[in-house]
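J.: Each protein sequence line maps, in turn, to chains A and B.
Residue numbers for the first sequence follow my numbering, beginning at 1 and rising by one.
Residue numbers for the second sequence follow my numbering, beginning at 1 and rising by one.
If you are wondering where the hints come from, they were derived from the structure by calculation, not from laboratory data.
Keep in mind that a hint or two might mislead.
[Said to hold, decoys possible] Residues of chain A placed beyond 12 angstroms of chain B at every Cβ, according to the derived structure: (1) D26; (2) E51; (3) R79; (4) R206; (5) E219.
[Said to hold, decoys possible] Taking CB as the label site, the calculated pair distances span: (6) L237(B) with S80(A): 50 to 60 angstroms; (7) L193(B) with K204(A): 22 to 32 angstroms; (8) R294(B) with K204(A): 43 to 53 angstroms; (9) M1(B) with S80(A): 17 to 27 angstroms; (10) R298(B) with G126(A): 46 to 56 angstroms; (11) I15(B) with Y76(A): 19 to 29 angstroms; (12) L237(B) with S67(A): 49 to 59 angstroms; (13) K27(A) with R7(B): 46 to 56 angstroms; (14) L193(B) with K27(A): 24 to 34 angstroms; (15) T120(A) with I37(B): 26 to 36 angstroms; (16) L237(B) with N13(A): 45 to 55 angstroms; (17) H24(A) with R298(B): 28 to 38 angstroms; (18) N93(A) with R7(B): 17 to 27 angstroms.
[Said to hold, decoys possible] Dumping the calculated BS3-like pairs for lysine-lysine here, alpha-carbon to alpha-carbon at most 25 angstroms: (19) K76(B) with K2(B); (20) K76(B) with K112(A); (21) K94(A) with K2(B); (22) K70(A) with K94(A); (23) K143(B) with K83(B); (24) K143(B) with K11(B); (25) K200(B) with K50(A); (26) K200(B) with K46(A); (27) K94(A) with K200(B); (28) K21(B) with K70(A); (29) K192(B) with K94(A); (30) K101(B) with K70(B); (31) K295(B) with K94(A); (32) K50(A) with K101(B); (33) K200(B) with K130(A); (34) K11(B) with K94(A); (35) K295(B) with K46(A); (36) K21(B) with K94(A); (37) K70(A) with K200(B); (38) K112(A) with K2(B); (39) K101(B) with K70(A); (40) K11(B) with K92(B).
Beta carbons: idealized from backbone N, C-alpha and C, even for Gly.
Chain by chain, the residues run as shown.
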Amino acid sequence: MITLSNVTKRYSNGTIGVSDINLHIDKGEFAFIVGPSGSGKSTLLKLMLKEEEATQGEVIINGYILSQLKRNQVPYLRRSLGNVFQDFRLLPNKTVYENVAFAMQVTEALPKEIRRRVPTALALVGISKKANAFPNQLSGGEQQRVALARALVNNPPLLMADEPTGNLDPETSWEIMTLLCDINNRGTTVIVTTHEKSIVDAMKRRVIAIEKGVIVRDEQKGQYEHEDKNSTICT
Amino acid sequence: MKIRTVRYVLKQGVINTYRNKLMTLASVSTVAASLLIFGIFLILVINLNSNMKLLTDQPEMEIFLRAEIKDDQATKIEEIIKKDASIASYTKVSKDEALEKAMKIMGDNAKLLEGEDSGFMPISFIVKLKDSLKSDVVAQEYKKLPEVDDVTYYMEIINLVAKLNGWMRVIAMVILAVLLAVSTFIISNTIKLTVFARRKEINIMKYIGATDWFIRWPFVVEGLLIGLFGALIAFALVSYGYNSLEARFNQDLISIGNSMLRALSLNDFGFKVLGIYVVVGILVGVSGSAISMRKYLRV
Chain A
1 MITLSNVTKR
11 YSNGTIGVSD
21 INLHIDKGEF
31 AFIVGPSGSG
41 KSTLLKLMLK
51 EEEATQGEVI
61 INGYILSQLK
71 RNQVPYLRRS
81 LGNVFQDFRL
91 LPNKTVYENV
101 AFAMQVTEAL
111 PKEIRRRVPT
121 ALALVGISKK
131 ANAFPNQLSG
141 GEQQRVALAR
151 ALVNNPPLLM
161 ADEPTGNLDP
171 ETSWEIMTLL
181 CDINNRGTTV
191 IVTTHEKSIV
201 DAMKRRVIAI
211 EKGVIVRDEQ
221 KGQYEHEDKN
231 STICT
Chain B
1 MKIRTVRYVL
11 KQGVINTYRN
21 KLMTLASVST
31 VAASLLIFGI
41 FLILVINLNS
51 NMKLLTDQPE
61 MEIFLRAEIK
71 DDQATKIEEI
81 IKKDASIASY
91 TKVSKDEALE
101 KAMKIMGDNA
111 KLLEGEDSGF
121 MPISFIVKLK
131 DSLKSDVVAQ
141 EYKKLPEVDD
151 VTYYMEIINL
161 VAKLNGWMRV
171 IAMVILAVLL
181 AVSTFIISNT
191 IKLTVFARRK
201 EINIMKYIGA
211 TDWFIRWPFV
221 VEGLLIGLFG
231 ALIAFALVSY
241 GYNSLEARFN
251 QDLISIGNSM
261 LRALSLNDFG
271 FKVLGIYVVV
281 GILVGVSGSA
291 ISMRKYLRV
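Could you put the whole structure together from the sequences, leaning on the hints where they help?
T.: Structure representation (structure tokens):
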């Protein structure tokens with residue numbers, strides 16, 4: 001599903017984004033990518049979206065070998081990935097329904113198909129009632145649900161969420177994470193970057209920790225911080 | 001591209017044009033203003049060119065007989081001209097032909113002469129001299145003849161005009177080209193603003209996996225509409241302004257006794273200007289938006 005081999009990203013100003021990353025994520029997995037700000041989490045996701053080009057190494061996503069992908073093929077890679085962002089990135093002048101439908105229009109889907117699948121996606125994230133609202137009329141949590149519906153409507157095999165709860169209150173964060181978990185249980189591979197320690201610890205999923213551009217830890221059923229560190233915290 | 005995508009693109013283009021009213025307004029007025037200036041100069045050049053042509057089409061020298069002189073009497077003068085060594089060639093203008101010419105010069109007012117008998121028009125001879133410098137002498141000679149009413153010649157004007165005409169054309173072309181370039185720049189800059197205002201939207205589309213053309217086409221449609229509206233507005237202004245000026249201008253020309261120069265009627269070149277407007281407006285609008293959004297597609 002996702003394979004990164006010896007991937008290094010050096011920015012033109014000399015900053016190292018990530019260095020010599022080896023990572024493999026299987027179909028159906030749920031993986032957290034954790035690490036402090038500036039550790040290279042975002043660089044990693046950008047590389048997977050081919051928003052940035054790897055300086056060295058090879059990134060393979062859903063069978064696309066990114067270094068060989070031509071510019072005009074990038075949209076097709078992105079359609080095979082559902083994307084969710086910290087700042088939601090909804091189109092402000094489109095309604096909730098239109099925002100989700102747009103992701104299908106982009107793929108030149110049949111209108112019949114759009115009318116069938118958009119309500120399903122909205123129902124899945126529990127936002128059906130607000131279908132005709134505009135993004136600025138919704139709360140942050142609701143907006144993120146819409147973004148999730150948009151990411152899912154094309155049934156992508158892989159969902160990538162970049163700090164999806166970064167702008168949300170703890171309770172709403174839990175709701176969104178639960179939703180992501182549901183989505184994973186339906187067979188979609190999910191990758192989430194996050195700072196939410198409590199959620200990561202509670203969910204006991206694969207945790208990939210990055211520091212200074214290097215993977216420092218990769219554990220199944222892991223925790224946000226290393227167990228040693230964890231044990232020092234007063235309970 | 002599938003038909004439903006074409007439909008989507010057209011619809012989206014129109015909706016965007018409407019939803020971004022303020023920017024649309026700004027762009028349309030910029031297009032209209034630029035084309036207006038461009039058009040005023042263009043019309044000036046068209047008029048200048050046509051009048052130059054009128055001038056150079058004038059005979060080198062024209063000998064007018066008195067109106068009461070009939071064809072049989074005119075042959076006497078024709079014999080004299082034929083034998084004249086200083087004359088290279090000549091053509092006779094009959095009374096009917098003279099009437100026709102008069103109607104042509106009068107343009108829109110030609111109706112006044114319709115159905116008139118050509119009897120009151122003078123016969124004339126259009127004469128080309130072997131040596132243009134002798135035109136004064138020759139003219140004086142013919143003026144002495146009792147049958148001759150008047151002799152007109154535009155030798156000096158013709159020479160001057162012929163020389164100027166070439167230069168005028170070059171200068172006109174340069175100025176038109178500069179105006180066009182400036183208009184294109186201003187218009188594409190304004191459109192750049194509208195694109196800039198929506199760079200986030202473009203960015204989001206890119207992340208969802210829209211192809212560049214899927215994003216670009218609605219903007220192209222928008223640019224096309226902006227260019228078209230701008231062109232139509234500019235044309236409406238120009239044609240209204242020109243129509244109200246043209247009649248007055250021509251009246252003034254006639255009142256100072258000028259029968260040769262005249263401002264063209266809008267009908268003579270209106271379609272040309274409209275065509276140029278629409279083509280330039282659309283080209284500039286489309287290329288302006290296509291070029292200015294290129295930067296934001298690189299994500």
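J.: Now tell me, hint by hint, if it's right for this structure.
T.: Results for each hint:
no.	hint	verdict
1	D26	holds, 23 angstroms
2	E51	violated, 6 angstroms
3	R79	violated, 4 angstroms
4	R206	holds, 25 angstroms
5	E219	holds, 30 angstroms
6	L237(B) with S80(A): 50 to 60 angstroms	holds, 53 angstroms
7	L193(B) with K204(A): 22 to 32 angstroms	violated, 51 angstroms
8	R294(B) with K204(A): 43 to 53 angstroms	holds, 47 angstroms
9	M1(B) with S80(A): 17 to 27 angstroms	holds, 21 angstroms
10	R298(B) with G126(A): 46 to 56 angstroms	violated, 36 angstroms
11	I15(B) with Y76(A): 19 to 29 angstroms	holds, 26 angstroms
12	L237(B) with S67(A): 49 to 59 angstroms	holds, 56 angstroms
13	K27(A) with R7(B): 46 to 56 angstroms	violated, 37 angstroms
14	L193(B) with K27(A): 24 to 34 angstroms	violated, 46 angstroms
15	T120(A) with I37(B): 26 to 36 angstroms	violated, 56 angstroms
16	L237(B) with N13(A): 45 to 55 angstroms	holds, 52 angstroms
17	H24(A) with R298(B): 28 to 38 angstroms	holds, 30 angstroms
18	N93(A) with R7(B): 17 to 27 angstroms	holds, 19 angstroms
19	K76(B) with K2(B)	violated, 81 angstroms
20	K76(B) with K112(A)	violated, 93 angstroms
21	K94(A) with K2(B)	holds, 23 angstroms
22	K70(A) with K94(A)	violated, 30 angstroms
23	K143(B) with K83(B)	holds, 17 angstroms
24	K143(B) with K11(B)	violated, 75 angstroms
25	K200(B) with K50(A)	holds, 18 angstroms
26	K200(B) with K46(A)	holds, 17 angstroms
27	K94(A) with K200(B)	holds, 14 angstroms
28	K21(B) with K70(A)	violated, 37 angstroms
29	K192(B) with K94(A)	holds, 22 angstroms
30	K101(B) with K70(B)	holds, 18 angstroms
31	K295(B) with K94(A)	holds, 24 angstroms
32	K50(A) with K101(B)	violated, 75 angstroms
33	K200(B) with K130(A)	holds, 23 angstroms
34	K11(B) with K94(A)	holds, 14 angstroms
35	K295(B) with K46(A)	holds, 19 angstroms
36	K21(B) with K94(A)	holds, 16 angstroms
37	K70(A) with K200(B)	holds, 23 angstroms
38	K112(A) with K2(B)	holds, 15 angstroms
39	K101(B) with K70(A)	violated, 69 angstroms
40	K11(B) with K92(B)	violated, 66 angstroms
Checked against the numbered hints above, the structure violates hints 2, 3, 7, 10, 13, 14, 15, 19, 20, 22, 24, 28, 32, 39 and 40; every other hint is satisfied.
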